[in-house]
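Trainee: Below are the chains, spelled out letter by letter.
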Amino acid sequence: MHHVMGVDGSYPLLVALWLLPLVGAIVCWAFGPQLKTLSGWLASAMLGGSFVLAVLSWSAGTQNSGGALGAHQALLSWLPGIDFGLLLDPLSLLWTFIITGVGFLIHFYSMGYMDGDRAYARFFAYMNFFVFAMLTLVLSDNFVGLLVGWGLVGLASYFLIGFWFERPTAVAAARKAFVINVVGDVAIMFAIFAIFLNVRSMAFGDVFAAVGSLGSPLLLTICVALFIGAAAKSAQIPLHTWLPDAMEGPTPVSALIHAATMVTAGVYLIARCAPLWSASHDAQMLAGTIGAVTAIAGAILGCVQWDIKRILAYSTMSQIGYMILGVGVGAYQGGIAHFFTHAFFKAQLFLAAGLIIHALGNEQDVRRMGGLRTKMPFAFWAILTGVLSICGIPGFSGFFSKDQVIYGALAHGHPWIYATSIATAGLTAYYMFRLLFITFLGEYRGNAESHAGASDAHHAHHAPAWIMNLPVGVLVLPTVAIGAALMWGGENSPWARYFAPQFAAVTLPAPPISELVTSAIVFMVVLAGFAVAWSRYATKAAQANAVERLRTEAERIPAVLTNLFYFDAFIDLVFVRTAQLTGTLIARILDPHLIDGAVREVVVVTRTAGAFVRSLETGLVRAYALVLAFGAACFIIYYALVAGGVH
Amino acid sequence: MTIPFTSADWNALVPIAIVAVAALLVLVVDLFVRGYAPRYVSIGIGLIGGIAAGVVVAGQFGHNYNAFFGGFMTGGFTSVFEEIVLLALLGSLILYGAIGTPDRVAGTTALMLWSTCGAMLMAGAANLMTIFLGLELLSLSLYCLCGMVDRKTAREAALKYLILSSTATGFMLYGMALLFGATGSVMLADFVNPALASSALFWMGGGMFLIGLAFKLSLVPFHTWAPDVYEGAPLPVTAFMSVATKAATLAVFARFLYAALPSGAAEKLLLPMWIVAGISMIVGNAGMLAQHDLKRLLAYSGIAQAGYILTAMAGGSALGLRYAMFYLTAYTFMNLGAFAVAAVISNDGEQGSRLTSYEGLAHRRPLLATAMTIFLLALAGLPPTAGFLGKILILSSSVSAGYDWMAALLIAGTAISLYAYGKTIFAMYARPRHEPHDPKPCAPLAWASVVICAVAVIAMTFYPLTPSNILPLVK
Amino acid sequence: MNPYGPVAIYLCVAFAAALLFSVLPGLLQRQKPNPQKLEAYECGVEPTSAVAGRFPVRFYLVAMLFVIFDVEAASFYPWAVQMHALRVFGLLEMIVFIIVLAIGYAYVWKKGGFVWR
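Chains A, B and C supply the protein sequences, listed in that same order. Position in the first sequence counted from 1, then plus 1, gives you this note's numbering. Position in the second sequence counted from 1, then plus 561, gives you this note's numbering. Position in the third sequence counted from 1, then plus 1150, gives you this note's numbering.
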């Protein structure tokens, strides 16, 4: 396949890779009613096609230039300094793999999950559109294209969170996500303006080449603005509040957009702008700190949730905190590695949770589950592997990436971030095993008896079960083994060699605690978290009176945690109220009183003077004329003054 | 003494003559038909006339002709504005064909063609008399057009427009008289004389002339007529008015700004215009917030859009004019497109101008809702539409011309407007389904104009039409 | 002094005088009304109905059409004066003008503009 890439590095197949999902989206959207369930197959096929093209471009790249990928396809010359094009390098290819690969599995799964929904085709149109938007984001070779993709994924996310728009909560969640993301978009726009004014180009290459010429305050400003955008998209504190609410969307959406791909766009942005971040120590400090705070806050909040998807949502937030702190402090390979493994095990967890939710008739509260190990063994094993991986049990994929991040924080000289992330690992083990135990051990506590288990008679008309089970089964493999396969061997691992051309190795002084000792400490902490979860939820005593115990536990959660650290209240007070107040000011005071009021005043005055005004119409025309005359008078006075000046 | 009437005169006037003859033809055909001429005959003649004039204008692009002793000049600049006016004519004739009542078709079509003549005359007007002639031809026809339906609000709109517009015209005419008094000439080109900067008459005349233009552009505080008139007038007339009046007035303003001011006086003379443009961007966008009627919404939007276009010209840079013309072209498409969508909806038996008719549109007619979304996004200035690119260009030209405060007001106004446009878009998608109904087949031409406008609004983003040879042709 | 100064003074005096004459009698007069005093002055006639009575709108239409054609006809005079100078061109212009006017006239006629219903 070496001939697919042109001599100059241009690569037309990239365009096909990028546009296939868009074609799928348009066809599903326009011909949805005619296609019926075919739309699911079509959408999945488009993604499959994109994935195959991604693999082709990878092999072409490795054959062409000895491992170093570097394809670029120019698309369109726009305004001076702004040219659009697609860029394939190790970073964007990795994201493309996840977006199309995991995306394909989730599309496939959705054919089962969304079966029977009356907007089946619309769902796949949105999903394919999302993939197109995400590919635009990661494949763009310049900041403007990135921003376009950035905005479009926000739009797709909005559509998909609010997919079941009959539910007021879904609509509210969609709006919340959109508004918070727009805050991020505006910040990125600001950064882009700042970059353009100083560099006069939007291409990544030109901008990164000019890093040296940007002053340090300017660099910090740009990085902070970019980080606000990254934080909004990746649910970092204090812009994280939309993510748990976003679980109102269908579960495949949560798996694809709000776990595996879109929420990691912030990680991508920082990794993409690595030259900017590496040049600004303050920016690294900021990103590392926020990432660490988010990681531990997400983990703490995950401990007190009862909704299975919300637990996973907070765990996502926490894990993205890891990624952000990784790429933030400069451990780019570690942060990206965690994105990579997380995409698999979190998609796995969500899809497996979806199996349960689907089987129990949309029940999401873990207190009304329990004892599902025997009824749904497949889901149990799937979630168990996911839990082991996310906790970083040695040997599982999560172990390799998480320890890279934790050790990277220390190696780059951030002991506090290091300590925080170790504590987070313990909390992660606690809440994930808590989820596992409450859901699968003990007695069944729900009332959806007819749905529980595989009651084939009930689901006779539905899509066959293998459609949903197959993707989950496929995901088990990378969840367990991809870390060991790719990241084993430190500097000489395939992972490190793959990224070596993109992220130059920095020699750092050896930290006081070695990598091996770090892994040992993390493992001990994880064990401790597991032990606490075991003693609280898995022992005979705990299961004896589970319903009562879970209720009292829910009652005893401190207010600060049930209120989620008051972030929603804070945002409500600072942003929502302010915005509402401004709106009210314009709509209620400025408009009626200043503008209408002036008109009404005229009417009132003329009425009291006993003039001819009887009907509103005449009053208004007179008022209009009065405003006109007022404007004219202002003009004339101005020109009279100027004329007096020149005379 | 003999009057020289050369072929250059004729060349300059031939597009206008074509439109005028088409108008007469419409009336003549109506005369010889029992009862009323069929709708497609009158509108067909109008469309053919408009297209023929457009082809002639396009063929003349770049040639300089002038008529009336230099009172009417053509060239790239005039051609662009003439094409915009003709586009507005074609668009609104198509809308009229889709929703108009048969009994007034001939009269309405003829009046539309004549007002187009007036607007085209303004586009090339290079002396005060031609400007006034064009303006009155445009306005008088529009007064009648506003009242051309049997609706109380339409008559009210016509009367309001007549009264307020005459007031403004009075100012303008007085301004022209003073300008003539100051210069002894009606030719705009004679105003370049730097000695005029110290003439009090010139300042007062220029100022009052600008009041007239500000009224026609519906800039705050001369905007009060616009919402009522837009709402009351028939839909096609509103569509025509919102584009053609603006384009023609902007042509006059641009010629005044770029080709007719004594050096050094421009900044001081035009400052009030920039200020009212700035206020318009805020008040126009804020005014949209409380509207429940599409035509009123677009009236307020138009107030703000006029402000945007003036922002591009602030400082009088060559690039600014090109950007303004780019934005005006984009505005033509997005505005006509939005009105075309409203016409298609009216055809469904809904009240096309009520915003409630758009609730759940995406479920009833997804393609139409997509088109409307594109137009509203463009009006709001969001990517990937021409409105976005236009606003970026405007910002860059106004900042480089030193009018940062106008750029700031533009951004603030845009921020305010997002809510109003967003609300409308949201209503189309997120509101629950309306009660089931069967969409009627609509005039294919109306559909075609929706599609053409949508494609143009997107395409202009990627292939910016900024002819580099426009500015030298202005003088 | 500004050449327009006297104009300004004249304006002020005119306004002041008008104001004075309309306000002063009200202040100075002795208010003892009787029917004779309230009668119309000298040759005036007592109105028998409301002044703002209703007219047929046709009246305005006919009046307006009269004014329009009257004004159009007035355009002939300048041409007549300059006819020799303008030669054939002027003649053609005038013919075009008349044709346009005739079409308008015919149109008004056909549409019943002259019918008093």
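Do not rely on the hints blindly, as some may be mistaken.
No more than 30 Å apart at the CA atoms, straight line, and that leaves these computed lysine-lysine pairs for DSS-like [what the hints assert, rightly or not]:
| id | chain 1 | residue 1 | chain 2 | residue 2 |
| --- | --- | --- | --- | --- |
| 1 | B | K713 | C | K1261 |
| 2 | C | K1260 | B | K713 |
| 3 | A | K541 | A | K376 |
Since the hints were made in silico from the structure, they are not lab data.
Trainee: Against this structure, judge whether each hint is valid.
Mentor: Results of checking the hints against the structure:
{"no.": "1", "hint": "K713/B with K1261/C", "result": "holds (22 Å)"}
{"no.": "2", "hint": "K1260/C with K713/B", "result": "holds (26 Å)"}
{"no.": "3", "hint": "K541/A with K376/A", "result": "holds (20 Å)"}
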